[in-house]
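Engineer: Make a model of the complete structure from these sequences and hints.
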Amino acid sequence: DPDAALLQGLVLTIQTKEEITSMAMDGLDQEVLDGLHRTLGNDDAFARIISMYLRKLPAEISELHRHAGSGDLEQLVEQAHRLKSSTAMVGATRLAGLLAKVEGSAREGDLTAVSRWTNESDLESTRVEGSLKARLREA
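Numbering follows this note's numbering, in which position 6 of the sequence shown is assigned residue number 6; successive positions increment by one, without gaps.
Just so you know, these hints were derived from the structure itself, not from any lab. All C-beta atoms, glycine included, are put in the ideal place defined by N, C-alpha and C. The reader is advised that the hints may include incorrect statements.
Unchecked claim - Listed next, the in silico DSSO-like pairs over lysine-lysine satisfying Cα-Cα at most 30 angstroms (straight line):
no.	residue 1	residue 2
1	K56	K133
2	K56	K101
3	K101	K133
Unchecked claim - Simulated restraints, written as ranges between beta carbons of each label pair:
no.	residue 1	residue 2	range
4	R107	D43	22 to 28 angstroms
5	N42	R107	18 to 24 angstroms
6	L123	S51	29 to 35 angstroms
7	K56	A134	32 to 38 angstroms
8	K133	R82	19 to 25 angstroms
Structural biologist: Here it is as structure tokens:
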């Protein structure tokens, strides 16, 4: 039935848009977080990993600003790369993407873009921090 197929497609589109909207609201990819939780095997290990990330995040973001402000692009590339990896691991895919932009801009020597992406990373990290704290309360 063509109408049923069309309706099925619309339902899937709506569900996908809701998932994207949900991820956009909290900055987290729930599938990645759920996968991490399954891999670790228990709530305690999951909470320890997320808590460790949350403890380090403000200092890591401050380091980004420090390196960007001093023009130490080599250290900025290293810092952004390190933070990008751990950020992706906890499902903060938008923040990881912004950190990739910091890293790329620093590699290119584009200080204007470095400043923009560092500031956006800072704002996004605040949102991610709140979302991860909420996830810990649920776990």
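Engineer: If a hint holds in the structure, say so; if it does not, say that too.
Structural biologist: Do the hints match the structure? See the list:
Taking the CA atoms of K56 and K133, the gap is near 14 angstroms; set against the 30 angstroms cutoff, the hint holds. Distance restraint check for K56 and K101: the Cα-Cα separation of roughly 21 angstroms lies within the 30 angstroms cut-off, and the hinted pair is therefore satisfied. A C-alpha spacing of about 25 angstroms is found between K101 and K133, which places the hinted pair at or below 30 angstroms, so the restraint holds. In this structure the hint that R107 and D43 lie 22 to 28 angstroms apart at CB is violated, the actual value being about 39 angstroms.
A hinted range of 18 to 24 angstroms is violated for the C-beta pair N42 and R107, which are about 39 angstroms apart. Judged by the Cβ atoms, the range 29 to 35 angstroms given for L123 and S51 is violated: they are separated by roughly 22 angstroms. K56 and A134 have their C-beta atoms about 19 angstroms apart, which leaves the hinted 32 to 38 angstroms range violated. In this structure, K133 and R82 meet the distance hint of 19 to 25 angstroms, their C-beta atoms being roughly 22 angstroms apart.
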